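Residue numbers (numbering that gives the first Met the number 0), protein chains in the order written: chain A, 0 to 143; chain B, 0 to 162.
Any given hint could be a false lead.
With a straight-line Cα cutoff of 25 angstroms, these simulated DSS-like cross-link-like pairs (lysine-lysine) come out [claimed, not checked]:
id, chain 1, residue 1, chain 2, residue 2
1, A, K108, B, K73
2, A, K133, A, K35
3, B, K145, B, K37
4, A, K52, B, K78
5, B, K145, A, K73
Hint data in this document are derived by calculation from the structure and do not stem from the laboratory. For clarity, every value in this text was computed on a predicted model and none was experimentally measured.
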Amino acid sequence: MKIFYLCQTAKYAALLAGAYHLKKLENNSTYKEFVKYIQNISIQLYEPYLLGKDESGTGVYIIATDMEQNLVAKIIDSFMLTFPNTDKYNTIITDSLVQPNLFLICTLKLSNLWPLKLIFKKLLPFAVWLNRKKVYNTVISTQT
Amino acid sequence: MNIVYHCFGGAHSSVTAAAIHLGWLPATKIPTFEELMKIPYFDVQIGEDHGVFRYLGEDEQLNKVYIIGRRNLKDKFEKLVYGLASVYDWEDDFLLINTMPLVNWKMVLGGYLSRGLETPKLGRKIVLKGVQESFFKYVALVSEVKTNLSHHTYGKHFRSVNP
Chain A
0 MKIFYLCQTA KYAALLAGAY HLKKLENNST YKEFVKYIQN ISIQLYEPYL LGKDESGTGV
60 YIIATDMEQN LVAKIIDSFM LTFPNTDKYN TIITDSLVQP NLFLICTLKL SNLWPLKLIF
120 KKLLPFAVWL NRKKVYNTVI STQT
Chain B
0 MNIVYHCFGG AHSSVTAAAI HLGWLPATKI PTFEELMKIP YFDVQIGEDH GVFRYLGEDE
60 QLNKVYIIGR RNLKDKFEKL VYGLASVYDW EDDFLLINTM PLVNWKMVLG GYLSRGLETP
120 KLGRKIVLKG VQESFFKYVA LVSEVKTNLS HHTYGKHFRS VNP
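Here chain A stands alone, though its shape is the one from the complex:
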């Protein structure tokens, strides 16, 4: 079994979801703990990254994107249908953060604008952290 957590926040929401899933972070963890956790992980955008395996042996993968998250999900789905030794029925593809709040939406938009890029990219982890309850709920519903 494999679970792919996708996000369009470069990597932060997917990493947070993966950390909750693997219990590397708890529901009551602090922002400092989150930042410390993500600092130790270096991932390439669009490359599936194995974050770890949970207690039932499910591989938890992160796919970080900065654009076209829905298209990426479609490509993964089609890849599994087209190349049959990929186990489609034992794979779950999940959007880590379905309904981000307005602050995160604005931060994401502004972090793509050249003059504001540097400031708003630094704000992204915090903006994702503000959505942690939604991410946590996504993880819980995926696990059940």
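The hints should help you fit chain B onto chain A, whose structure is shown.
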């Protein structure tokens, strides 16, 4: 080997290259509008079809040929596919060929009108003209790919071709 021709929409550029690869279009003469329109998926796919692998057929070396529209993902698409192939321990090789550099302005304009705005009456003739103009560039690309395939230049693992 799995050969995937990829472009923005998977409707003209990748389809033309795949059709040449499979021998559906003669490489010695520019195809007519009718010949191009007979190719499966040519000027057919729309936004909803983007991101879907379409199997077109098997070539003489038993390589499987696919097309896909991957919008602006470009090298990100290649990273994703190679990553997935590794995750699933895919044994066969993948050869991803980006056909976008061969697209001319008529294909961009005609493709946008025909597929993007879904007004084929306006865009189809323009895109067909564009394909005809770039046709021998596609022939050269496919010929290079096939030569390298027959000489096993691409090796045993995943490779990309960006003309």
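Each hint tested on the structure:
no. : hint           : result
1   : A/K108 x B/K73 : holds, 21 angstroms
2   : A/K133 x A/K35 : holds, 21 angstroms
3   : B/K145 x B/K37 : holds, 23 angstroms
4   : A/K52 x B/K78  : holds, 23 angstroms
5   : B/K145 x A/K73 : violated, 29 angstroms
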